[in-house]
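Read top to bottom, the protein sequences are chains A and B. To convert a position in the first sequence, counted from 1, into this note's numbering, add 7. To convert a position in the second sequence, counted from 1, into this note's numbering, add 7.
Keep in mind that a hint or two might mislead.
One copy or two, it doesn't matter: identical chains are merged, so the pair holds either way.
As the list claims (entries may be wrong) - Below 25 Å or equal to it, Euclidean Cα-Cα: the simulated DMTMM-like pairs (lysine to aspartate or glutamate) are:
1. K531 <-> D495
2. K105 <-> D601
3. K137 <-> D614
4. K356 <-> D553
5. K48 <-> D553
In case anyone wonders, no lab produced these hints; they're calculated from the structure.
Protein chains: 2
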Amino acid sequence: QRNANVTIAGASNSGGESSKESSRSSTPVLDTDRTDRLRDKMRRRTESGDHWFSLEFFPPRTASGAVNLISRFDRMGSGGPLFIDVTWHPAGDPGSDKETSSMMIASTAVNYCGLESVLHLTCCNQTKEKITGYLSKAKRLGLKNIMALRGDPIGTDWEEEEGGFNYATDLVKHIRCEFDDYFDICVAGYPTGHPEAQSYDEDLKHLKEKVDAGADFIITQLFFRADTFLKFVRDCRAIGITCPILPGIFPIQGYQSLRQLVKLSKLEVPEEIMRVIEPIKENDAAIRNYGIEHAVGMCRMLLESGEVPGLHFYTLNREVATMEVLRQLGLWIEDPRRPLPWAVSAHPKRKVEDVRPIFWASRPKSYIYRTQDWDDFPNGRWGNSSSPAFGELNDYYLFYLKSKSSKDALLKMWGEELTSEKSVYEVFTSYIMAEPNQAGHKVMCLPWNDEPLAPETNLLKDELAKVNRRGVLTINSQPSINGKPSSDSIVGWGPPGGYVFQKAYLEFFTSSENVTALLQVLKKYEPRVNYHIVNVQGQNTTNAHDMQPNAVTWGIFPGREIVQPTVVDPVSFMYWKDEAFALWIEQWAKLYEDESPSRMIIKYIHDNYFLVNLVDNDFPLDNCLWQVIDDMFELLDVNPLEQPVEQAAEQFIQEQSAN
Amino acid sequence: QRNANVTIAGASNSGGESSKESSRSSTPVLDTDRTDRLRDKMRRRTESGDHWFSLEFFPPRTASGAVNLISRFDRMGSGGPLFIDVTWHPAGDPGSDKETSSMMIASTAVNYCGLESVLHLTCCNQTKEKITGYLSKAKRLGLKNIMALRGDPIGTDWEEEEGGFNYATDLVKHIRCEFDDYFDICVAGYPTGHPEAQSYDEDLKHLKEKVDAGADFIITQLFFRADTFLKFVRDCRAIGITCPILPGIFPIQGYQSLRQLVKLSKLEVPEEIMRVIEPIKENDAAIRNYGIEHAVGMCRMLLESGEVPGLHFYTLNREVATMEVLRQLGLWIEDPRRPLPWAVSAHPKRKVEDVRPIFWASRPKSYIYRTQDWDDFPNGRWGNSSSPAFGELNDYYLFYLKSKSSKDALLKMWGEELTSEKSVYEVFTSYIMAEPNQAGHKVMCLPWNDEPLAPETNLLKDELAKVNRRGVLTINSQPSINGKPSSDSIVGWGPPGGYVFQKAYLEFFTSSENVTALLQVLKKYEPRVNYHIVNVQGQNTTNAHDMQPNAVTWGIFPGREIVQPTVVDPVSFMYWKDEAFALWIEQWAKLYEDESPSRMIIKYIHDNYFLVNLVDNDFPLDNCLWQVIDDMFELLDVNPLEQPVEQAAEQFIQEQSAN
């Protein structure tokens, strides 16, 4: 759905389960009192008989692995998991601020991907102070759920420590003692008993202790037969464990990974599985297909048993097998309905957020990052909260990391060598047209747009290409919409039975000569068109009334107040321009050597071009912004630098008026 | 324009000058810091060369005189005065809470009529404590401007009092000393010198002292020749008085009133005027016509002199002459443009108010009264401020006073004797049809609607009459509107270039039998129609989501956020129902003797009927609310009490669905 340059009602829904709840309150309440807890969502879904799924990931080893995993969160989030969980890697500095730490990955999932997330935490060999520190940090970052584990002892001679963390139960108790009921707590269950337990019954007792200490639900270790799990559930119920028990599903994805896992978990692979796998162990595809078929069959039995409200998947950070199992089970639902036109963050503090400036439409993670210190979120009225400053760019690691393409790939797309501003115009045009550039490479992204243009939604392609070719370098736009149903598959959002609206929007870089002509032309379009024009030094001109925001996306719904989730706000535009101009240098100019002509061309644009935004307020009429640009070109054409452009403009406007 | 029962986008603009400023901020600021002062408005109008006028009134003697004067404020406010002023009657307990006091009349003009107002205050024979008390009270009531006068001494042997209030200058100094710059201060000027002054020049010096002490502008005593005023202005300027000087215009309205005024003010009527008037002194109409002609001629000379930015009229609480003079001068401008669909209150605290529940649409003064203690006004979002309680009804004098008709006239309209509920239905129907009732009397108002139905805007008349005849007693309604220009003469409001929208609304009393059928019918209309149904005991049923408000009037404007000035709010509906039910008893039942059949019929309706509101959320489609009512009647017709209505309804709905 998503179209990075031509934003049609904003980003696709990567908000996961939380975004699916179409019963969005139009008078939102702060969730710091934890009103919308994972355990409540689980209970509601269970009561409604609506099966769900959840996904487990582990932290990546490298920064680029982190970037890839975040993209995977967005993709897998679109299928609607109830939650995801991130494992705790004691050896990987799991509580640190490194982009690859368990803490940071879980925080990114919550804050930037809008996913309800569970952070694993192991307590073995840790001090209480250290654990409390981790939990405080998690809370501060917006994490609300903990999977409490003992973890594997370091070294072999582990001994119980008086008053220390010897079992997961101790950790559950500690969390409840230090943080009361703030966190939802999950604990691990072992369908065949913990490998170190004295007996299966003994292990069940330990599980009961963990639940009694305050755990809200159980996720089991993987298993290979539905019966194994169902017996385990019966045994749990028999000793009085009443909380939800989620089966851990492991779709077999390869021979080596299966062997390794079995070794680690000390599980035995049943003979009937080994019999199938052994003969095809060199054929990865065949094993994966078998794994999918096996998982689907087992999941069907589990769901049909009536004992299983939801399925938990060990993804091993891979997408294909799990998605295929979920699709076959009918649980993977890419619901095009969105509560708001942009993906909602899952941080409890941001629950009230229901309006954002349009400028970050293609860089929502940057917006979330730069507003993470806000205490209040604009709520219905933008004006009240325009004062809090946007965070600085320089410490934003996603800003630098975010390009998934290598320097080499970027050079191929954006030009190994630039010869003039025109070569830049051609890069933009190739991107818009989704056609190869002169060197024969497709331009899949631009610094301001991380995704390739989605052709099926690119309604404005021809107009965009035409103006980009002439140096109107578009980086964001949306068409006008006059009351389409909220259920519309492309532009719809919000609860059913409503209507959505948009004012046409266009944002671009262009030369100062063009801007001089544009300003003359815009006089003809008062008060229909609002504009804001700024250069890198911050010199700016606008006809925004009192620097007030202009609502450009809004919705009318049955029994609700008006929702206006996107505004063109002159104050935040001045913050955005820093980011938009910086991207020229950080992402493009720095591909070339210092002092090289290519770098100088990008630097020239950065130093001399203006960033322009235009809003056509007359949403029921045809978008006039293309006419504005046409008029600007016409004015420039009739005046090939023979007279000052202002004089030419006067003449031009008089002629236009006379017609 | 105004249509009391069929509210088409709400009340007409009685907001006076303040309502005319279409540059309404969509992020309003509290005006307690006095940002939008009368002196600033005056300066802006003067700078723009845009002439204005203002109107002087005196407090009435009786409570019914107060009700009439308030209606006159509304009517004369619609012509757009920059301000009105209310004289101070020391003998009439002017600072008290009586409905006829100067203080209360001025407060009503500000708070309920939305008029920028100046309260006169005389200081002669008053203690400083007393004066400070008056000023504090005025400030608390939202008054922002004072006309500082000495006043006439009580008794004949007046002597200067050391340190007391001897001159208006002392009062000006006292106001500035005690209240800093809070109030805008006006003082009186005497074009022919104060009658008690030693000389004209001496009097000019006193005026200069008043201005130097802190007065912001001057209003002059009446005069009969333009030259008199223009010379006075020149003399003022010559001694360094630079503030605005407004000429006090007195249109001669009758022989006796002229003689009396001349005697009081010790002015001489010029011979050329006496020559015209004496021969026609018995002919009031002829004198008034002459007075209008004379005032228009003098005003034209004043305005053409370039010395006069605005005209101040001594109305003597009469409308015709002043309005005619203003019309002939082209200053009376009934601008249909309104900043919001309801009249904005001029209380500084209410500047931020931009959303109200629809229920009080025909009783805006009651709404203002009942919310006068609110600290916060709903601003963009209703939800934030739904908690403050609405004030009690019982101490609201306007509530009881408000009917301008005598008991006798009301009995003629609403029935000397009621024989059944049907007779009540006929009263409603006669009101809707603007036709005489069976006794031959026109029904000009109902307890919920103070004004007669304006036929030219009564687009829903036939539908309304049809349902009222059958006992669906409508008290409020609005049609749906799908994007009409904000400049539309009937439904438009807000700044130019915008679009306004409405959801269809219908509110009525009806019997519990009808409600039973209605609830069955409404199942067919989920989620298109929102309803809220309540009886006098407060038993209520609604399909409002989480008791959230439903926006039913909103506007989209160039360069602005969305404005949603009218909501159907389930919480405030429960306050409104107390008032709506009480009006049956207070205004109607009490017309009849205790225990009389007529009173018992109204009491029966009060005790047994339900108050219903319906919203059709599908504003782009044809209003379905009439169909809902038709379906209800159809269901009742097919089921003449032979089976429980619920059963009949089941059948009915099944049949409907089958079609």
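Hint check:
In this assembly of identical chains, the alpha carbons of K531 and D495 lie at most 25 Å apart only when taken from different copies (23 Å versus 35 Å within one copy). In this homomeric assembly, K105 and D601 never come within 25 Å of each other (Cα to Cα): the closest approach is 30 Å inside a single copy and 83 Å across copies. Taking the closest pair of Cα atoms, K137 and D614 never come within 25 Å of each other, the shortest separation being 49 Å inside a single copy and 67 Å across copies. When the C-alpha separation of K356 and D553 is checked against a cutoff of 25 Å, the pair qualifies only between copies, where the shortest distance is 21 Å, while the shortest distance within a copy is 29 Å.
Only between protomers do K48 and D553 lie at most 25 Å apart by alpha-carbon distance; the minimum there is 18 Å, versus 44 Å within a single protomer.
Consistency note: the structure conflicts with the earlier hints numbered 2, 3.
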